[in-house]
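Undergrad: Those protein sequences? They're chains U and D, same order as listed. Using my numbering, you'd call the opening residue of the first sequence number 3 and step up by one each time. Using my numbering, you'd call the opening residue of the second sequence number 502 and step up by one each time.
The set of hints was computed from the structure by calculation and includes no laboratory data. Among the hints, a few may not be true.
What the hints assert, rightly or not - Derived coverage of chain D by chain U (criterion: at least 3 residues anywhere in the stretch with Cβ under 8 Å from a Cβ of chain U; other residues may be distant): (1) 523-529; (2) 604-615; (3) 622-629.
Cβ atoms here follow ideal geometry from the backbone N, Cα and C, with glycine treated the same way.
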Amino acid sequence: MAEEIVKIGKNKKSTILQMVKEILPDGGNLNACLTCGACSSGCPATGLEGMDARKFLRMAALGMDEEILKSNWPWMCTMCQRCIYVCPMKIDIPQLIFNIRAMRPREERPKGILESCNMALKNDTLSAMGTTEEDFQFVVEDVLGEYQEAQPEFADMEAPIDKEGAEFFLNQNSREPVTEPDEMVPLWKILHLAGVNWTYGSKGWAGENYCMFIADNDAWKHMVQVKADMVHKLGAKTYLNTE
Amino acid sequence: MQDPCQIVRKSFGDKIAEDLRFAVKACVGEENFIDMVPNKSNNYCCGGGGGFLQSGFKEQRLEYGRIKDQQIKATGADYCIAGCHNCHAQIHELSEHYGGHYPVVHFWTILCLALGILGPNERTYLGDDLKEVNVFHPETAM
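The following block holds chain U by itself, in its conformation from the complex (with noise of 0.2 Å):
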């Protein structure tokens, strides 16, 4: 329920309309949305900071611009695709929540994903939490010497950085090597086991990408830019990611 009567100017000029226009499917148009509130219904973020992602689509639709760049529940929708999944009609409400992310000024996004992105830009590892090429690299050969010694059944498992020709290039998310090393192990042993060829890469091993979460574009096709060159450089055929 409203708090405060809405209303609607008659010359507004609204990007966000605009921008909801041009996202829907082919032939669509905003009178496509039937409000049925599938999307909603089944949308666990549905009554947070008394918004759904209905009302969210009819505020943009109603040129509401300022209320909507105003709500911080575009960064409590995870924008997981199940309102567009049960849409009868289509519409990419994930799409228009990214859209409208990036409209906030960059420094005013939050700051937990936003320092995660720009440390992710400060190397060519891309991680999240910082780590080096050369801690990365300590760590996995600290922990893969340890196992091929306690565990010599996996004597000759292999956890390869920068390996040519390997069919899968694995990512890695930073959580392990920098807090819980033990865990990589299991995914090595499963891997050996199977008689994989995958290989990690000292740039873009890091699977975390919170440039795309901060919807900043640039920065997000420079991680895909530096992982996908290096996955070519090594010449690997598939991008294993774990995320």
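Fit chain D to the known structure of chain U by using the hints.
TA: Just chain D, lined up with the frame of chain U:
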């Protein structure tokens, strides 16, 4: 088990959700797998995605996850398997916050446990009931 949005709904669909179930059932036994409702592509996001874990809106994030916690509790299962890093962190916190205290484990943990190759130092997220079960090289405990 949680269906990670990124892997299931957003990337490979119900097909990979079926594959995940095949692999999980092979590890824990058909009779020990209980699906939550709704599931696969219709499953709910846990609230760990989209940067929510880092955005600073903790109270709202836990409220978002309330429905996930209820889905898991409704199964009566002892464990929740999370096949995604963000899901693992979020559901683990939900388990503590809402008092369910069900262990939340990565799939690699369960697979290695079933294969008998899970060492004593790779069991951080197992509950007490499985901590000592089928330990690979127990003498290497640290």
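Undergrad: Against this structure, judge whether each hint is valid.
TA: So, going through the hints one by one against the coordinates:
1. Here the region 523-529 of chain D counts 0 residues with a CB under 8 Å from a CB of chain U, which misses the bar of 3, and the coverage is violated.
2. Judged by the Cβ-Cβ criterion of 8 Å, the region 604-615 of chain D is covered by chain U as claimed, because 5 of its residues qualify and three suffice.
3. Check result for the region 622-629 of chain D against chain U: holds, 3 residues qualifying (beta carbon to beta carbon below 8 Å, three or more required).
The structure is inconsistent with hint 1 alone, although it conforms to all the rest.
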